[in-house]
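Undergrad: Protein chains in written order, with the working numbering: chain A, -14 to 171; chain B, 5 to 219.
Worth flagging that the hints you see were computed from the coordinates, not collected in a lab.
Bear in mind the structure is a predicted one, so any value in this text is a computation, not a measurement.
All C-beta atoms in this analysis are idealised placements derived from N, C-alpha and C, irrespective of residue type, glycine included.
Using 30 angstroms as the maximum straight-line C-alpha spacing, the simulated DSBU-like pairs for lysine-lysine come out as follows:
hint: 1; chain 1: A; residue 1: K15; chain 2: B; residue 2: K77
hint: 2; chain 1: B; residue 1: K13; chain 2: A; residue 2: K125
hint: 3; chain 1: B; residue 1: K65; chain 2: A; residue 2: K(-9)
hint: 4; chain 1: B; residue 1: K77; chain 2: A; residue 2: K(-1)
hint: 5; chain 1: A; residue 1: K15; chain 2: B; residue 2: K50
hint: 6; chain 1: B; residue 1: K17; chain 2: A; residue 2: K141
hint: 7; chain 1: B; residue 1: K77; chain 2: A; residue 2: K53
hint: 8; chain 1: A; residue 1: K53; chain 2: B; residue 2: K73
hint: 9; chain 1: A; residue 1: K(-2); chain 2: B; residue 2: K77
hint: 10; chain 1: B; residue 1: K77; chain 2: A; residue 2: K13
hint: 11; chain 1: A; residue 1: K13; chain 2: B; residue 2: K65
hint: 12; chain 1: A; residue 1: K72; chain 2: B; residue 2: K65
hint: 13; chain 1: A; residue 1: K125; chain 2: B; residue 2: K17
hint: 14; chain 1: A; residue 1: K(-1); chain 2: A; residue 2: K15
So the derived list for chain A, only partly shown, Cβ under 8 angstroms to chain B, looks like this:
hint: 15; residue: D14
hint: 16; residue: Q35
hint: 17; residue: Y42
hint: 18; residue: T43
hint: 19; residue: L135
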Amino acid sequence: MDIIVKKIIAEVKKGNQQAFAELMDLYKDKVYHIAYRMLGNVHEAQDVAQEAFLRAYTNIDSYDINRKFSTWLFRIATNLAIDRIRKKKPDFHLEDQVAGTEDLTYYSQISADVDLPEDQVVQLEMQEWIQQEIMELPPKYRAAIILKYLEDLSLKEISEILNLPVATVKTRIHRGREALRKRLRD
Amino acid sequence: MACSQENQKHIYKYLDEEMTLLEKKQFEAHIMKCDECHAQLRELRKTVAIIQSASHFEAPKGFTDNVMKQLPKQSKSQTWKNFMRKHPFILAAATFFLIFAVSLSAAFSDDDKEIVVKGEGQFIVDETRGVVIIPEGESISGDLIVRNGDIEIAGEVTGNITVINGEYLLASAEQVSGEIEEINQFMDWLWFQTKSFFSEVVNFADDSESDNHSD
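Same shape as in the complex, but just chain A:
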């Protein structure tokens, strides 16, 4: 995998745009997923994920090929997502409401196609609820929790993505986890 990725990136660095499409196909789902979990909104997630890839393309020369590409890419994506969250902070609650509604339509679109059995509806509601709980977390804890428990990344990788010391990452995971525990208990 790593060797293939390195070969593709070498092609991209030479200016081969088609190689970049291959690179996107490898990482688009993860980048989109991180963006979605950070923002809780499919449109914003798509925006941020696309922007992340565009930035990766234009800055590919600054990427050090000896480092892990996913770390570099996820760093761009999480930074963009955090920026987005900061920008909409003044009307955060209003946006949050909209995000929630769009989520609902997103899920109800799936349920409109097929008549879902009871347990699947429960599953969908559960998924919605999890995302709502993640959205309640302060962004800095949110990023750490998503990368740790949804992307299953090591503390070292998370520390590189968030540009924080490992100890800080650990603290954020603990606090985020604690905050979730208190909410989920209620």
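Dock chain B against the given chain A, drawing on the hints supplied.
TA: Relative to the frame of chain A, chain B by itself:
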């Protein structure tokens, strides 16, 4: 909450799997007795399990195409660079051809002034006009080669006439019993130059090749 600050840390360490086997055993023994710690550990485990049960999303359809459309257009020079990278031989051939053309024209213009005549018999070399004249009544037995000049034949030539880099002017072809070669010789000369040039080029290419290997 955990029963003490100390045990709070232990819970985190336990969940993060950062405990030694001994610490783990001791903490597990404590959990059995302490309801507070046990409850918190259970809740945290449940929290993690819930978060991890969040389903993964795939990027929407057409995501890649969408981004590809937005990529900055490759500049002409970049496209050209890519083309050259894919076809390095064209670049090499073009360069060599240019050098070849320059050296060829240089070879022609350098020798311009001097008229060289090879042959036996009487002839006049008119340097100012750049013409070799075989006067009327004179006859040249054998072949005649004129280089870098025109030839004007009023007399007779029994052999072949070769004019390199020049023209022949004559009253009538009957005055020459052999063949008159002008263009053929020129092409041969060109061919000869081409051959010698490319043999040099190939040597040069081999040299640069071996240079690359030694890098």
